[in-house]
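One-letter residues, chain by chain:
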Amino acid sequence: MEDHTEKYMKELFKGIKSDSPSKNFTVNVMNKIASEKKTAAETKLSFFNQYKFIFIFSLTFISIFLIIFFSADNQDITIFDTINFDFNKLAFVEKLRLYFNSGNQFSSIFLIIIVSISMLFSIDYFIPKIRKLNHLTI
Amino acid sequence: MSKKDDSYFIEKVKTGNSDSYKYLVEKHKNMIFTIVLRIVKNREEAEEIAQDAFIKAFQSINSFKGQSKFSTWLYKIAYNLSVSHTRKKKYEIINLDENLLSDNIIFETYNEFSKIEETERNKILNDALNLLNSEDALIISLYYIEAYSVQEIEEITSLTKSNIKIKLYRARKQLFSILSDSKELIFAE
Chain A
-6 MEDHTEKYMK ELFKGIKSDS PSKNFTVNVM NKIASEKKTA AETKLSFFNQ
44 YKFIFIFSLT FISIFLIIFF SADNQDITIF DTINFDFNKL AFVEKLRLYF
94 NSGNQFSSIF LIIIVSISML FSIDYFIPKI RKLNHLTI
Chain B
12 MSKKDDSYFI EKVKTGNSDS YKYLVEKHKN MIFTIVLRIV KNREEAEEIA
62 QDAFIKAFQS INSFKGQSKF STWLYKIAYN LSVSHTRKKK YEIINLDENL
112 LSDNIIFETY NEFSKIEETE RNKILNDALN LLNSEDALII SLYYIEAYSV
162 QEIEEITSLT KSNIKIKLYR ARKQLFSILS DSKELIFAE
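If you read the protein sequences in the order shown, they are chains A and B. Residue numbering for the first sequence follows my numbering, starting at -6 and increasing by one per position. Residue numbering for the second sequence follows my numbering, starting at 12 and increasing by one per position.
Hints may be right or wrong, so weigh each one.
As the list claims (entries may be wrong) - Below 20 Å or equal to it, Euclidean Cα-Cα: the simulated EDC-like pairs (lysine to aspartate or glutamate) are: (1) K87/B <-> D138/B; (2) K25/A <-> E58/B; (3) K25/A <-> E59/B; (4) K10/A <-> E129/B; (5) K7/A <-> E157/B; (6) K7/A <-> E129/B; (7) K3/A <-> E59/B; (8) K178/B <-> D147/B; (9) K178/B <-> E128/B; (10) K67/B <-> E56/B; (11) K178/B <-> E(-1)/A; (12) K80/B <-> D16/B; (13) K80/B <-> E129/B; (14) K10/A <-> E119/B; (15) K194/B <-> E123/B; (16) K0/A <-> E123/B; (17) K38/B <-> E(-1)/A.
Derived from the structure by calculation, the hints contain no laboratory data.
Isolated chain A, as found in the complex (with noise of 0.2 Å):
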């Protein structure tokens, strides 16, 4: 009898179809994926937005450091000194002369990029804001 009732099943299921979802749910899926997309786009920007100004801040900081130190009248000063904080060997600091030397032309032009890259960062900041007041306004 068991045979019958495998037999018997396979007979009622002939052409039965199974149920459908409702009409949008491809669209709704197809959205779903897009918005996702979009937010993993946007988690990955706003990690670097979040971090952009303290990596330019500390570029910026590095390359005057650079420029101050390439630029020291007192040459045979080694890093080591400058680590050692030696008040004698430091005294340049408070001098602040530019000497025009290769690793100062370095640092120099390296103060300059960075400064470059944060002003358009700046712009790219303060412009919608800009256009949001401006928008308000009108």
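Following the hints, position chain B against chain A.
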């Protein structure tokens, strides 16, 4: 759209063409929805979970290596999501007694239901399946509607072959029991 198989669209999705995924959703949505519905037994929840299954499959499509059919891989995702959903909600399982059915009742039931028009029978059988235990309803759907083999059902549900066969046997009897009970109501109309 020409008749291209799933692997063509899967490769396109893997290379960043997410629009190709639309074809895969369109092709498998009914069965995914049915699998989820058999387990959660609520259309609104089933629709949500089925959508989540497609999104999860999209996100992990790079891990699909083609060792099994794409549909089997997709059904497994939908099955796991539905099972974890029902665990949270703790659905009450109704135990039906299938042992009371005699061979004659099974034959009579089959005889009467086989005469019904296909659309009407489709509705009655889907309603009857919703009264079965989630796992039994799913196994019946995969085996009789989707024509999946016991081996493929094993891949989706992680149940053993012998367990699937036992469940199929029990579910068949239970389904006939439900149909036999509803017979008076349906044919009295």
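Evaluation of the provided hints:
For the hint pairing K87/B with D138/B, the CA-to-CA distance comes to about 23 Å; that exceeds 20 Å, so the pair is violated. At most 20 Å may separate the alpha-carbon atoms for a hinted pair to count; K25/A and E58/B meet this at roughly 13 Å. For the proposed pair K25/A and E59/B, the alpha carbon gap of about 11 Å is at most 20 Å, so the pair holds. A C-alpha spacing of about 10 Å is found between K10/A and E129/B, which places the hinted pair at or below 20 Å, so the restraint holds.
For a cut-off of 20 Å, the pair hint linking K7/A to E157/B stands: about 11 Å separates their Cα positions. The straight-line distance between the Cα atoms of K7/A and E129/B is roughly 9 Å, inside the 20 Å bound, and the hint therefore holds. With a C-alpha separation of about 31 Å, the suggested pair K3/A and E59/B falls outside the 20 Å cut-off, and the hint is violated. Annotation: proposed proximity of K178/B to D147/B holds, straight-line Cα distance about 6 Å (limit 20 Å).
Distance restraint check for K178/B and E128/B: the Cα-Cα separation of roughly 28 Å exceeds the 20 Å cut-off, and the hinted pair is therefore not satisfied. Distance restraint check for K67/B and E56/B: the Cα-Cα separation of roughly 16 Å lies within the 20 Å cut-off, and the hinted pair is therefore satisfied. Distance hint between K178/B and E(-1)/A is fulfilled; the C-alpha atoms sit about 13 Å from each other, no more than 20 Å. Between K80/B and D16/B, the direct Cα distance comes to roughly 11 Å. Compliance with the 20 Å bound is thereby established for this hinted pair.
Simply put, K80/B and E129/B have alpha-carbon atoms about 29 Å apart, too far for the 20 Å limit, and the pair is violated. As the CA atoms of K10/A and E119/B are separated by approximately 24 Å, the hinted pair breaks the 20 Å bound. Taking the CA atoms of K194/B and E123/B, the gap is about 8 Å. The hint holds against a cut of 20 Å. About 15 Å separates the Cα atoms of K0/A and E123/B, which keeps this hinted pair within 20 Å; it holds.
This hinted pair does not check out: K38/B and E(-1)/A have alpha carbons roughly 28 Å apart, beyond 20 Å.
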